[in-house]
Amino acid sequence: MSWRAEIPSAAELPSRARLPRLAALALTLCVLLFAGLLQAQTSGLSEEMRRDFERWDAIASEAEALVDNNNMSVGRLEEMRSTLVDIRAEATQLADDNRSVVSDLNERLEALGEPPPDSVSEPPDVAEVRSELETEIRLANAPVQRADEIIQRINYLLRLYDRSMFRRLSDEATRHYPMPVRPVNWGIAWTDLKESFGRQLAVARMIPLENSVRDHIITRLPVNILFIAVGLTLAIYIRRRLAAWAEYRIVTASHKRSVALALALRNLVALLIPTIGAGMVFGVLRYENLVDETGSAFVFYLPSFVLVIIAAGWLRTSLFAPRASRHRPLPLDDATAVSGGNTVLALGFLVALNIIHRDTSAAWNLSPTAQSVLLFPVTVLAALMLWRAASTIRAIRESLLVLIEASSVDMNAAGMGVHLIRMVERIVRFVAVAAPFIAAAGYMNLARFSTFPVAKTLGLIAAAAVVFDVFTTLARSWLTEKRIESQTPASGTDDGLIPVIIGAVIMIGSIPLFLMIWGVNWPEIVELIQLMGQGVTLGNMRISFAGVVKFLFVAGLILGIFRVLQSLVRGVVLPRTKLDAGVRNAVTAGLGYVGVAIALLAGVSAAGFDLSGLAIVAGALSVGIGFGLQNIVSNFVSGIILLIERPIKEGDWIEVAGFSGYVKGTRVRSTEIETFERGSVIVPNSDLIAGTVLNRTHTNTFGRLAVPVGVSYDSDPRQVEKILIDIIEQNPLVLENPAPTVLFMEFGPSSLNFEIRCYLRDVNYMMTVLSDTNFEIYERFAKEGITIPFPQQELHLHEPEKLAKAFGRGETIRPEPAPQEE
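Number 5 in numbering that gives the first Met the number 0 belongs to position 6 of the sequence shown; there are no gaps in the numbering.
These are calculated hints, taken from the structure and not from any lab test.
Cβ coordinates follow ideal geometry from the N, Cα and C atoms, glycine included.
A portion of the hints provided could be inaccurate.
As the list claims (entries may be wrong) - What follows is a set of in silico ranges between Cβ atoms, one per label pair, in the way DEER data are often shown:
{"id": "1", "residue 1": "GLU47", "residue 2": "THR232", "range": "52 to 58 Å"}
{"id": "2", "residue 1": "THR359", "residue 2": "LEU271", "range": "27 to 33 Å"}
{"id": "3", "residue 1": "ASP725", "residue 2": "THR674", "range": "47 to 53 Å"}
{"id": "4", "residue 1": "VAL692", "residue 2": "ILE724", "range": "20 to 26 Å"}
{"id": "5", "residue 1": "VAL128", "residue 2": "ARG167", "range": "56 to 62 Å"}
{"id": "6", "residue 1": "GLY555", "residue 2": "GLU127", "range": "45 to 51 Å"}
{"id": "7", "residue 1": "ILE724", "residue 2": "LEU796", "range": "43 to 49 Å"}
Using the sequences and the hints given, assemble the complete structure.
Shown next as structure tokens:
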């Protein structure tokens, strides 16, 4: 009998005997469960986090194995790289979420203050809370540290993948094919092409055509024919009719808005209508497995080579506009425009042939010799078209130079664009010359990688130019509704920043397309965008693209609100008060300073920037910056003092540093003074505070005028005094109290000098009163017979007889030597 037979089973035991065993089992389960919970709590990782980290580790290990496999395809490597980028984004998000939790816990812990020394006991409640917070911080930091480790591992793997893919792409670009210019390779290529075509035909014949398949084709035939007919009608007939109508509206329209809408319609017709029509035709072919093996039930499908041809036709119609030269975006004559349009269309067909060659070479299993021979003529024709495109670019550059010289545009400002066009022209010519020789030498991939991306880049630039022209024309038409009198391609209007904003948006949107043209795939672009979103870390502060956008948006919004508030206060509120112009200017300026401060603080808060981490760096830099910017800070503080103390204000007539004029406004750094010659003098605010300034209208507009007057010695001084008093008292701008006075100043060399002194109601009219008084003095003195003398001197001649004899004989008179004293 075994030992198992001696032990009764649970069913044989009485109920009281089974209770201890059940209790022991329950206690064991509770202990295990509590240990698991305790381990989870002490580690700080939830079950979901554990599964994520295990999944990420497994994918990272698989990626390490794939990157070491040299036989792995580039497509599989790109797929794995995209997966790694997604994992890094997930890990970054998890780390950021837990960092915010850690930050909140640290703030709560800092609120408790510094822990007391060991010799001093802390209150039990505070000590308990501090211990709990420290535990929570440790647990919240665990996933952050684990996620950071995953991120570093994935970054290392991404660098390995980038190196591996770059090495493989370099090897593929420098791969040498059989030379296509050797006649022996032509026969090999022809034989291989016939064999490949025969294999494809044999595969097609081996497909059994069962009755159900035949019935399905017959049933779908009317619908397929209808869809193909509708697609062809849209792509050919309706496109032509709508394009002709749009061209007619462009030529005959008399308002800018009508022309802008017609131009937009022309672009939509040339691009959208053929796309819909071709998509319907190829959608039917795809559904019947004639162009794609997927057999998708979706009735719209557009191959990439068809889209390239449609885009080339759109650029020919919209950019070169052979039928609407008056509204052509490019400054070209009709012949050059037609040639450029044909070049674009030919390049579109050649790029489409390159796409077809790339897709069919792998499907038909063509040999390298056949691929080289088939691609060589396409590359040579593309190079010839690029040479013609360079000639068109040169014509555009020369036309722009003529327009710039004929207009008032600054040549230095426009020179950058002209030099950029010249650089593009040279690059295109170099590629057009080098590509055929590279292809003839057998480096077909290198020739393809240099020729067709250049053609696509030119197409992207042309498309951006068309979109820019359409949107700027629409914006201009909505801003200014005028009849079209005469318009040339160079005629422009002052559109402000609208073209700049539209151009910046188009340029930013074109960057991903430009990168994709030159071999950067979409996952890498997404990774770049994610890296821009994550930003860089400076201390404890992370500066990201999204944070910068939030800062600019919030700060700009608040600044705009305060600008509107300033306008309302300046135009509506302050004119209803009794405040003078200086106080009004101080109120509006102060409101602007407050708006700037609030905008900066709100922008920083919205962006989530933690400036505390830069406190040490800012403190270190503040010393050096203080020495370099002390004048600016001094002027800023002086400007605030000027606004508060108001020793000078807007509209005051002041004299400073040898200049006299009116104060136009006090800004952050300086004060602008407009002289009487309508010139602007910029005076630093610190000079106005530390220097001596004469303010003629500080408290009021009263001021004294002094008019000097000189009369001949034959005049009666009392009569002159009476006349001058009578003249000055008749002027309405002269105050009666204090009364004007006439002072007899001195006996001059040629005249008796008087001075009229009077006080004016408004010193701003001082020159007017002076001029009117002088006119009145001249008229009254002429009427009273009083002479205004001019400087006179008497000349006494010694021995005039000698002078007369000397002048008569033409001799030189020499002065007699003075007698010498003994």
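Worksheet item: That 20 to 26 Å hint for VAL692 and ILE724 (C-beta), does it hold up?
Response: 34 Å, violated
Worksheet item: Taking 45 to 51 Å as the hint, is the beta-carbon distance of GLY555 and GLU127 inside that range?
Response: 48 Å, holds
Worksheet item: Do the Cβ positions of VAL128 and ARG167 conform to the proposed distance bound of 56 to 62 Å?
Response: Distance hint for VAL128, ARG167 holds at roughly 59 Å.
Fill in: THR359 versus LEU271 beta-carbon gap, inside 27 to 33 Å or not
Taking Cβ atoms as reference, THR359 and LEU271 lie about 29 Å apart, which means the hint holds.
Worksheet item: Lying within 47 to 53 Å: is that true of the beta-carbon distance ASP725 to THR674?
Response: 35 Å, violated
Fill in: CB-CB spacing for LEU796 and ILE724 relative to the 43 to 49 Å hint
45 Å, holds
Worksheet item: Taking the beta carbons of GLU47 and THR232, is their distance inside 52 to 58 Å?
Response: For THR232 against GLU47, whose Cβ atoms are near 56 Å apart, the range 52 to 58 Å holds.
Hint compliance for this structure: hints 3 and 4 are not met, and every other hint is.
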